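K.L.:
Given chain B, put chains W, C and X in place with the hints provided.
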Amino acid sequence: MTKNLVVFDKIHKSFGNFVAVEEMNFDIKEGEFIAIMGPSGCGKTTTLRMLAGLDAPSSGEILINDQVMNDVKPHERDTPLVWQSLALFPFLTARENVEFGLKMRGVEKAERKKRALNWLDKLGILEFQDRDISTLSGGQKQRVALARSLVMEPKMLLLDEPLSALDAHLVIRMQSVLTQLQKELGITFVYVTHSQSEAFAMADRVVIMSKGEIAQIGSPRDIYREPANQFVAEFVGRNNILSGTVESVEHNRAKLNTPSGDFFVEVKAGQLTERDSASFVISADLVHLSAGEPDSKNTVACQLISEEFVGSMVTLFLENASGHEFKVQMQERELSKLELDLAKPIWLSWSECSAHVLGC
Amino acid sequence: MKKDGLLNVVLGGYVVLVFLFIFAPIFFSIVFSFNSQRFPTIPLGEFSTEWYVKILDDPDILEAALNSLIVSFSTAILATLLGFCTAYSDFRYNFRFKGPYLALILLPPTIPLIIMALAMLAWFSKIGISGQLWSIVFAHSVLTAPFAMAIIRLRLNQMDPDLESAAWNLGGTEWATMRHVIFPFCKPAIISAMCLTAAVSFDEFAVSWFVSGLNKTIPVVILEIVQGNIDPQVNAIGTFVFLISITLVVLAQVFFIGRQHKKSSS
Amino acid sequence: MTKPAKSKSSLLTNRRDFLRVGGGAILAAPFINKVHAAPVEINMLAWYGHGEPDVVAEFEAANNVKFVPKYYAGGDNMLALIAQSPPGTYDIILSDGEFVQQLNAAGYIEELEPADYPFDDMLHPDFQQFPGHWSDGKLHSVILRGGHLGVSYNKNAITAEEAQSYACFWKPEIKGKVGHFDWHLPNLGMISLFEGNAADLWNLDDAAWGAVQDKTMSLREQIGGFFDYGGTFNSLKNGEMQAMCGIGDWITGTLERDGAPVASVIPKEGGIQFTESYCIGKNSEKADIVKKFMQYMLSPAGQVKSAQMAAYPGFCVTKGGRAALIEADPKEAMRSHQMDGMANEPIALINEGRIHYRDIPTQQSLEDWNDFWSEYKNA
Amino acid sequence: MPIIVWQLAFFVGPVLFMVAMSFFLVKNYRMTEAFEFVNWAKMFSKGYFWSSYWHTVWIATISTLCAMCLAFPAAFALAFKASENTRRWAIFFLIIPFFTSYLVRTFSWFVILSESGVVNAILGTVGLGPYTMLNTHIGTLVGYMTLTLPLVVILQTVTMANIDRTLIEAARNLGCKPLAVIWRVILPLSKAGFIIAAVFCFILSFGDFVAPFYLGGSQEPTLPILILDTTKSGQQWPRAAVIAVVMMATLFTLAFTAIAIAYRKRSTS
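First to last, the sequence lines map onto chains B, W, C and X. Under our numbering, the first residue of the first sequence is numbered 1, with each subsequent residue one higher. Under our numbering, the first residue of the second sequence is numbered 1001, with each subsequent residue one higher. Under our numbering, the first residue of the third sequence is numbered 2001, with each subsequent residue one higher. Under our numbering, the first residue of the fourth sequence is numbered 3001, with each subsequent residue one higher.
Chain B on its own, in the form it takes in the complex (with noise of 0.2 Å):
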């Protein structure tokens, strides 16, 4: 395993009243590709402040390089950020914004220019070194803010949210551009997005944040297929949830009560027992359909409430009789093939060792 380059060891942040984050373990190896993800006001940013020296920890310490730096001052820090509101100087142009950091740390002025030069032309914006930031365009903005950021040749670069102002198609490109530059120059990437998609199409692990808490670690796949808790296996989408009674255990395999039904998943051993209340998970795209009741458990007789399509993937929105609801989603063209008639009622199933058992 690589060498840890941060670690948060017991960080607490509050302002005023208000806590920001509440007690924050974990570590950030070098060269890796972590994204902090949550929704808005979970303390992602504040994290990333931190970081950068923006913000001081309440309690706790950050290291890094094995170096506290609680009292390090944001400009004694080579942690640049590229900002959400890009923060680009608007009375400088294009190449004066990319130098700016290194007039700040002394560097001579021929070398500056060809540093800078260097980095706008790596990011194809070297035809607009000269102008003002005002009439650039969103994309070429963001890579003025990548190169400003970029030229300091730092370790590791903190990025919060650089793409949330893009138009949709421009978000692909630049994800692309931005995994690329950190394969290429591998430097440790620390990204904060509220974007699921972002997170996962990048990053190597994802660092789930709610209410100043981290609620899970893991990698996209990790994150994806077998969330910790209710709260991460909602926050990242398409899952649908059930509750239940422990009714018995046996072999590894549970089964649980629910208003929906009984139902059979796979367990740890001395994960659940009789009796205990438990949660489980099945991913929308693991979940079957077909017109008649299958021959297997865990099933569900549902009625479509709605169809949503995105491209070639289509999401079907289902209630049961008790009223819960179950998203199943797939390929179009599978579900044209199933040709079903989707006024009638609906089955659904899926095998227990998809289900996945939710930690409390």
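To be clear, the hints were calculated from the coordinates, so they are not data collected in a lab. This one's a predicted model, so the numbers in the text were calculated from it and none came from an experiment. We put the beta carbon where it would ideally sit given N, CA and C, even for glycine. A couple of the hints might just be wrong.
[Stated by the list, open to error] Derived SDA-like pairs (lysine to any residue); straight-line CA-CA distance at most 20 Å:
1) K1126/W - V3005/X
2) K1126/W - T3032/X
3) K122/B - K183/B
4) K3042/X - K2175/C
5) K2175/C - V3005/X
6) K73/B - P1100/W
[To be verified] Computed from the model, here is a short list of chain C residues facing chain X with C-beta under 7 Å:
7) G2239
8) Q2308
9) N2378
[Claimed, not checked] Footprint (simulated), chain X over chain W, 3 or more residues, beta carbon under 8 Å:
10) 1013-1025
11) 1052-1059
12) 1237-1251
P.N.:
Frame of chain B; chains W, C and X shown alone:
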């Protein structure tokens, strides 16, 4: 529709009347400055540049003009500095007693100048700094700082608060950030503020008259001529003052409003 | 104690007042010193106009000197300015006659050599021995000029006969057209004269003071405004005011020269005189050249300059001066009645006892007069 | 904070010292520090002080009403009828007078309004006049308008120009007649701005000595003239301070009341 058109004409005419009222005294003062009569009446006397020759020949008036320039220039710098610091601390920090603190800066214009003049001369005499050019500068800086503060504060409002953090983040110390980010950003407002405070100071007479001692400024000379040996030199001086002030206002306008206009239209 | 330029000060005075209040205030050495170079500079402290080119330019050119005037606006203003400046700041001081005594008592002025000045040539014995100019047989000041205050009026509204009495201010036709010079002393002094107090005009018992107040109040509805020097000038010139109480030839004379139909006369009840005198500042390093200047101003040529002074006129005090004025500028001499045997000839008026040197109230305090004046204005 | 020290030294210091000075005594033309109420007792017992006070309040109120009413149609036209560009230029021209000498402008009125002046010359050609305007309340008011009208027009224009146009359109759409729009929509929305304009107008008129002195002939002296008169007569600075403190108290009371009204939230009734 037709009624609306008539209304517009009437309103337009009214606006012209208001402007006539406002500009009549300025216009006539320029006219009188070229009039040969010592006490201008209608009909006017002959065209004459006598009064201009007189003021340009008068070392007292030239001295006063020099004093005025020194005072208004120093005031502009001091008041703008004060205004900038207040505006910035209001923008950046939150602290207890911020209300009273801001009131301290912003209240002076609500007190009549004659009262400020009285109070300032009394106080300055008490602490032993009255009767010098600097006394006027101190007094004016207090009186005009609120204008500077207002202009600069408006400009800071337009600034992305992340800009400052961004500069720190890129290795700028607090001072470097001030110098390379805040100042450049506020530059148009700072120049406007300097022009406006200079112009206000250049025209202020009540406080100058009280605290200046023997160091007269131009408005004090005007006041003394109006009070004393009245003659159209006043108009000639007034015309000069008008030109200087107008230049300053236009500069302020070009730098502030003009700048914004360009930004918003691009 | 009426005096032109003092009156002109009206609003000005408060600045000076405060300079005095702030006793410790150090006035910067006159800033102007740096502006002019080459010639020897002579610092002059005077009423407005006395250091202007029309008076001093000729002397300056002939002697390669430069006058640096500081104008004050009242006798106590003058004292304050001297007190607040380092000794020797002012080389020449033009003072009101009655303030010389105080200048001398405070040690602000040098002793003069009587033989240097043309005392034999004075038009009136009072001018040779003016009160306060001499003490213990030593001379400290020489009188330069003077002026009289009486009825000032517009010839189109008031006839010369009517102007022979202060009663003309009550003339019904000029209701709302009578102005006051906004200072209580000359105004109340005139009313006191009108009340028949004559030589006792400043020395009023309660009854007489009450009568003066009543008489003044009866004038209130005639009054169209209260003016400082500039306002007095302007409103007489443009006809806003047809008569003015509290002034004299020092204002109407200037207007007359400009062609306005105005005049001042000393009415039968009597008038008030202001007097202006030169002193040499204590420890002046330029006493010699200042002495030369004073001799020049008392010479016939200088007296003409003084009489013709643009700021405000004043009559000549020497016989030689008067003769020179009659020759050089008969028009001004005529206008100001400075020809022997003319009606209202200033020296004759003094001899007739119709002129009273100015003073302050003796039985009341100045404050009482002031308060009454404020009430009067608000009535 | 150096700013606080600065303001304390050069703003609070003078004002407090003036308050203190109102308790000083004057002996032999010299001010001596003391704590006596004689100046207050003296001023408050004088009829002329109170008549000056009420006269000043009265004429400043008239001045405020005049300025607000005279400015409104012009501001209305500039705010709603003029283009953005015209408005910018208009405001620019309205700023100019602030930077020309008020004294010179007053002196100019002196000549314009006199009986042989411009206005009477024009009226004379149609057989009217001459009218006496100087040394009357008309003269004083003309002076006050010179001082305040540009500011009031600017403040009113800016206030009204900032009103959301859709609110006016909505009112028209709901059947509101034009005059009713002014009364029921525009004025309520401009309340704060208008009150501030009025307060400034009042403060300027209340504290100005130039207009009532030079154009009003000191007929019924206002408080600022009384201050000047008091300072020049017998070193009565403490009494001038009494007048000044009374003026400040009046203005502060007025300003705070007005601001409270301007920003009062409607109670939920």
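K.L.:
Would you pick out the hints that fail for this structure and give their numbers low to high?
P.N.:
Structure breaks hints 4, 5, 6, 8, 11.
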